Amino acid sequence: MGQIQLNQVTKSFGNVNVIPPLDLTIEDGEFCVFVGPSGCGKSTLLRLIAGLEDVTSGTISIDDNDATEIPPAKRGLAMVFQSYALYPHMSVKKNIAFPLRMAKMDQAEQERRIEAAAKALNLTDYLDRRPGQLSGGQRQRVAIGRAIVREPSAFLFDEPLSNLDAALRVGMRLEISELHERLKTTMIYVTHDQVEAMTMADKIVVLRAGVIEQVGSPLELYHRPQNTFVAGFIGSPKMNLIEGKEAAKHKAHTIGIRPEHITVSAKRVKGAWPGVVGVSEHLGSDTIFHVHDTGLADVITVRSDGEVSYRHGDRIYLVPRMDVLHKFDANGQRIA
Amino acid sequence: MAREITQKRKIVNTLVAWTIGFLIFFPILWTVLTSFKTEAQAISDPPVFLFFDWTLENYAIVQERSDYARFLWNSVIIAVGSTVLGTIISVPAAWSMAFVPSKKTKDILLWMLSTKMLPAVGVLYPIYLIFIELGLLDTKVGLVAVMTLINLPIIVWMLYTYFREIPGEILEAARMDGATLRDEIIHVLTPMAIPGIASTVLLNIILAWNEAFWTLNLTAAKAAPLTAFIASYSSPEGLFYAKLSAASTMAIAPILILGWFSQKQLVRGLTFGAVK
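Respectively, the protein sequence lines represent chains A and H. Position 317 of the first sequence, counted from 1, bears residue number 316 in numbering that gives the first Met the number 0, the numbering being contiguous throughout. Position 242 of the second sequence, counted from 1, bears residue number 241 in numbering that gives the first Met the number 0, the numbering being contiguous throughout.
Quick caveat, the hints were computed from the structure, so don't treat them as lab data. None of the hints are false.
With a cut-off of at most 30 Å between alpha-carbon atoms, the simulated BS3-like pairs for lysine-lysine come out as follows:
no. : chain 1 : residue 1 : chain 2 : residue 2
1   : A       : Lys93     : A       : Lys103
2   : A       : Lys326    : A       : Lys244
3   : H       : Lys263    : A       : Lys93
4   : H       : Lys139    : H       : Lys221
5   : A       : Lys73     : H       : Lys102
Please read all numbers here as calculations on a predicted model, not as lab measurements.
Make the full structure from the sequences, and use the hints.
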């Protein structure tokens, strides 16, 4: 079991209020991602759940038991750190065994669990090595191994992939997702990378300045962002946000249209926005155009088919899909 | 552009370095040489450098006159005892200052260091009286206690700087893994800080071994370490340079040997964190 409930939790460091009162429930078995720009309080929130920081007020309960005053070691949670935080003086095997040793588990059971974890994470050949002799990806797997042997009620991941190179990151992302499928244990994952959030999460919690901007499944957030912040944060490339006359036509302060919901045409079409092609980014499968001089915003980003080709300075027409237009009021809140 | 060092420049630099090194080492060399001379040659003018009648006579006389082994044993007990005790006290102290600092931690560290700025003789009288009261005068226990207290600020400071180099996340990981504070210090912090702890211990043994003010003032016969052994050869009846040198050589030999074998460790420890 691993249901985690935050009730009116606040955190201040001195006079700085990092997290204003916040409520959140993470269901048992859920893969929950905290996402937001740096300094939004997502790591602090995770550390509060871990018990590495004390809440200023409010309560945290794990499986309906008040855990607010329980020390981190006793909360039954395991954590994977950004820096891996392996014990450099111990072999891989001893690293993985450490939590079991601390729990004074009997030797045979320790061996069994270590073996199982090593097998699951492809670490069997490296058990006698020191962390210093491993690559970044292997180190991260050791850190995960150290977390899974305890069979915790929930896993906490603090930006675990940000020290890895891009290719490895994609691989580890899949491994963690598969691990979740297999273990069905609650996972809370902190990242600033919205791609990680979208691809891994059952539930995304978007944070800004300690405040929850929106909670929902990846597709809910993609299709119905509650405000302009979430709209701009979720999705890549970012949603185009347009203010002024064009927005007023739709009785909104701001309208948003995702780059993939705009088609490009060389000929004038009714209702299309004219513009001039700036930089094009060719990804092979897709091409991303940065279009200027539309009179709507500085740049309008458009995602097209990889076959489409325009050159810098070409005059083009943008056709937005009106059925997927997002409308926001003057406070940036979604209208209908 | 890489800095160019010409061959000539290299030779000059090497020569200068060796000369300075030799000058620093010379007094010790001279002491060792003198210990093998006769008393007459030891004070001859002009001094003889290498061409004299080498003799072991001084060592024989020194050993005959005073029991070297007893002084040596006292030195070992005082130096090692105070270091071990000091380290046991300092590890938790440095842990709390490095990992759970309060607003006053910096002040406490400076205040601790400030005690080293007080001239020792300023507290000789009170400490002497306390020693008389407690019956600690001329006892090894008393000297171990005084040495521990004297070197405690240095041990805490050194350990504090080493501990600061250890990433806090690793200790947090240990906490998440179910380690108690005791487990955390014994199984994670201490093994990781071994190079730093080792150099702290070595330096402290050397400092305690060489300390002369308190060992001379608070001992008479029973607990007297090697510093007192040397001092006993600088007597009012006259200066016996050769015998004094022999006694000095015997006193510094153990610590020189220790220093020689541990120099790698010492250098590594003292530059710990400076180079990664």
